[in-house]
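J.: Sequence order for the protein chains is G and V.
Everything in the first sequence is counted per my numbering, starting at 1 for the first residue and increasing by one.
Everything in the second sequence is counted per my numbering, starting at 1 for the first residue and increasing by one.
Because the hints were derived from the structure by calculation, they are not lab data.
Computed from a predicted model, the values in this text were never measured in an experiment.
Possibly wrong hints are sitting among the right ones.
[Stated by the list, open to error] Here are the simulated DSS-like pairs of lysine-lysine, each with C-alpha atoms no more than 30 angstroms apart in a straight line:
#, chain 1, residue 1, chain 2, residue 2
1, V, Lys-334, V, Lys-417
2, G, Lys-168, V, Lys-549
3, G, Lys-65, V, Lys-549
These are the residues of each chain, in order.
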Amino acid sequence: MNGTLRKLGLALLGCGLLATACAIRGSESVPRHMWWAGLGPVLPHDSFPADCSLCHVSNEWQTLKPEFAYDHEQETGYALRGAHARALCLRCHNDRGPAGSFAAQGCAGCHADLHRGGFGNECTRCHQETSWEPFGMVELHDHTRLPLTGVHAVTQCWRCHPGGEVGKFVPADPECSSCHASDLARATVPNHAGLGWVDHCGRCHLPTTWQQAEIH
Amino acid sequence: MRLHPLCALALLLLPVAAQESADTEKLELRVVDGQAGRATLDRGRVDGLRAGDRIVLRPREGLPIEGRVTDVGERSASVEFDDAARIAAPGTRGEAWVPRARRAEAPPVQPVEPGAPVLEHPAWSQPDSGWQKGMPLLTEVPALHPGQRSPAVHGRWYVIADHVVDLDSDYSYGLDRAGIDSTWSNAFGNGAELNLGVETNWRNAVVPDADDTHETYVRLDRLSYVLGGDRFVPRRVEIGRFLQYGMPELGVLDGIEVSTRVPGGNSYGASLGYMPEPNAGQESFRDLQVAGWYRWVGDETERSALQVGAQQSYHDYSNDRQLILARVDLAPQKGWDLHGAVWVDYYTASDAAKGAGFELTQGILSIGRVFEGGSSLTLTGTHVSFPEMERWEFVPVSAAQLADDHVERIALRARQKTGRVWLREEAGIWTDQDGQGGDGELGFEFERVFFEGCHLQLAGYGADSATSALWGLRGALQRQLEEGSWELGYQFAQYDFTGFTDANDQLPQHRLRLSREFHTASGWSFSAHGEWLHFANDDSLAAGLYLQKSF
Numbered sequence: 001m002n003g004t005l006r007k008l009g010l011a012l013l014g015c016g017l018l019a020t021a022c023a024i025r026g027s028e029s030v031p032r033h034m035w036w037a038g039l040g041p042v043l044p045h046d047s048f049p050a051d052c053s054l055c056h057v058s059n060e061w062q063t064l065k066p067e068f069a070y071d072h073e074q075e076t077g078y079a080l081r082g083a084h085a086r087a088l089c090l091r092c093h094n095d096r097g098p099a100g101s102f103a104a105q106g107c108a109g110c111h112a113d114l115h116r117g118g119f120g121n122e123c124t125r126c127h128q129e130t131s132w133e134p135f136g137m138v139e140l141h142d143h144t145r146l147p148l149t150g151v152h153a154v155t156q157c158w159r160c161h162p163g164g165e166v167g168k169f170v171p172a173d174p175e176c177s178s179c180h181a182s183d184l185a186r187a188t189v190p191n192h193a194g195l196g197w198v199d200h201c202g203r204c205h206l207p208t209t210w211q212q213a214e215i216h
Numbered sequence: 001m002r003l004h005p006l007c008a009l010a011l012l013l014l015p016v017a018a019q020e021s022a023d024t025e026k027l028e029l030r031v032v033d034g035q036a037g038r039a040t041l042d043r044g045r046v047d048g049l050r051a052g053d054r055i056v057l058r059p060r061e062g063l064p065i066e067g068r069v070t071d072v073g074e075r076s077a078s079v080e081f082d083d084a085a086r087i088a089a090p091g092t093r094g095e096a097w098v099p100r101a102r103r104a105e106a107p108p109v110q111p112v113e114p115g116a117p118v119l120e121h122p123a124w125s126q127p128d129s130g131w132q133k134g135m136p137l138l139t140e141v142p143a144l145h146p147g148q149r150s151p152a153v154h155g156r157w158y159v160i161a162d163h164v165v166d167l168d169s170d171y172s173y174g175l176d177r178a179g180i181d182s183t184w185s186n187a188f189g190n191g192a193e194l195n196l197g198v199e200t201n202w203r204n205a206v207v208p209d210a211d212d213t214h215e216t217y218v219r220l221d222r223l224s225y226v227l228g229g230d231r232f233v234p235r236r237v238e239i240g241r242f243l244q245y246g247m248p249e250l251g252v253l254d255g256i257e258v259s260t261r262v263p264g265g266n267s268y269g270a271s272l273g274y275m276p277e278p279n280a281g282q283e284s285f286r287d288l289q290v291a292g293w294y295r296w297v298g299d300e301t302e303r304s305a306l307q308v309g310a311q312q313s314y315h316d317y318s319n320d321r322q323l324i325l326a327r328v329d330l331a332p333q334k335g336w337d338l339h340g341a342v343w344v345d346y347y348t349a350s351d352a353a354k355g356a357g358f359e360l361t362q363g364i365l366s367i368g369r370v371f372e373g374g375s376s377l378t379l380t381g382t383h384v385s386f387p388e389m390e391r392w393e394f395v396p397v398s399a400a401q402l403a404d405d406h407v408e409r410i411a412l413r414a415r416q417k418t419g420r421v422w423l424r425e426e427a428g429i430w431t432d433q434d435g436q437g438g439d440g441e442l443g444f445e446f447e448r449v450f451f452e453g454c455h456l457q458l459a460g461y462g463a464d465s466a467t468s469a470l471w472g473l474r475g476a477l478q479r480q481l482e483e484g485s486w487e488l489g490y491q492f493a494q495y496d497f498t499g500f501t502d503a504n505d506q507l508p509q510h511r512l513r514l515s516r517e518f519h520t521a522s523g524w525s526f527s528a529h530g531e532w533l534h535f536a537n538d539d540s541l542a543a544g545l546y547l548q549k550s551f
């Protein structure tokens, strides 16, 4: 097993070096208004209308007019949806760097990845652009080892994934006793532990009900 | 009189096409001010515009507006539209075709009357502020440093409630949450940021024949001070409680992280501090860690990057976990995206369950592409096993589970559009220490059904899971509105449980869900959902509310 892992490690190292070689390239072609060049306004104004007062309050170029409106999709070809359409410009266009480079990194370019990289970059599998609330968890579990049957479909995530409150999800063991150890300890009529009934719960129980037991 | 569509198109293109020639060139312009039948443009004599020139404006909606220049200033011009009823909004783009020779001309100079006295200008009192000969008089606009911006507080507060009631027993469960995420930018006039993220949980469970639980947790997710990390100060320092910025895989820290971005975009960093346990209690100061990382990027667009990191942790000041991390991100403008990350643990002889050596404890690799028209294809592979460590990161498991448990999954997802219908396919296979299984789903998404903005989704799916074989159908009707959306969904699933007799192994399950979401331009968001679940002889109701204000 260790030999296989060592080979896997070497293969990963080789891939890493290859990717590094590809990644380390000159930055001569970096256009203006990127991270370092020019240090001008956070947004390039080259293509903006010549009349500054269309957007800015006169004599105060850091302040936008109260009636300022900007069609992001029309002007840039990049549509802002959901909460992004209501965000302040400086939330994305600021001194941390060009918004384009952050956008190229996907959601994690701007938003902290509370899942610590464990779910990859496909945030929209569970989240929408309108709010942080995840959606479609029951449907998503139809593609796992443990589809959510019965009461499991309306149970809070953290009951099976402790750590889910802070975004740290670890796969739950589909074995019943991994989550229901305390229920097993309480099962004294009959005495499950005394009779050695500590696994294969499915021989007697259906995983569907809040009731203590349904013998089949 | 009705025009044939082709004739109408020809008439639309005629005024533009007629002006194209080798002697003219396109002058892009914008409307500065518009009224019915006329407008002021942001181009003038110096741009080659003259009275009598034809212009075409192209508003975002509606047909182009044609007109003629009536009056020309040095840097502005007035136009009258052919259709006196048309109005062009400020900012509307347009163009004129002007002779090349005219663009090359110098702007006309007002003649000076012979013999007029030449006035001497008094000495300039203002310094040149760094201006040197050869530089344009209007130099580039200097950028504001973060410390020069006005202090501002932004973020959100929210309230979330989720409750479940079982209609056939006394069981009920509720989780209510209230929290705030906020950033105070330029908090102390030095460009630094102060971040706060805190949430309160109230958990209530009424369980028949068992002890009810009523718990309250106050969770501090973030309280940190960030200095630098912008284009003026490439070194970034964050101190407090925070999710590590340079490499989130390293986790939340009570300590300090220092990172630096070097010219070209590469960056590196290190961190030192305690790791709070990833749960509601967030007990801290038991797990000390030291970590470092380096990130290479292809160029400053950061569309390709490779990052490696290492973390050494100590549990109660005893050696605990040696973790090596690597991630790669490739996201070219066109082509295939690739994202991958690996967690490799290094064990010593004292790690009894695993034995000395390296182990890939977690990995994810995703390759995907979005094609022209929106169709997409994604292949994802994951691997997870339990790392051996003293720190609490998951529910304690037995030594056998620690040694053997693992799960791998490969999934393929595709989405294609044909007319107003999206076709969606998903297929996956998994394997773990006890067996293997798979799943598949075929779905259709119909756009603009019944009403404008209304979508209908239908899908059929099946799976061979660890506990059952199942098949099911689901449908959802969703309508997008100006200020939100609503959705009505229904799901049916038929389960065939493993290990039961024929008489007891079948379970049909019905699920009905209705949700409504609102949001306003002022930053309010509100959503509510209700769900009815019927299975076997049991019925449950679930309801949830979500209220958020962004500021």
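J.: Please go over all the hints and tell whether each is borne out by the structure.
T.: So, going through the hints one by one against the coordinates:
{"no.": "1", "hint": "Lys-334/V with Lys-417/V", "verdict": "holds, 19 angstroms"}
{"no.": "2", "hint": "Lys-168/G with Lys-549/V", "verdict": "holds, 25 angstroms"}
{"no.": "3", "hint": "Lys-65/G with Lys-549/V", "verdict": "holds, 23 angstroms"}
Violation of the numbered hints given earlier is absent; every hint is satisfied by the structure.
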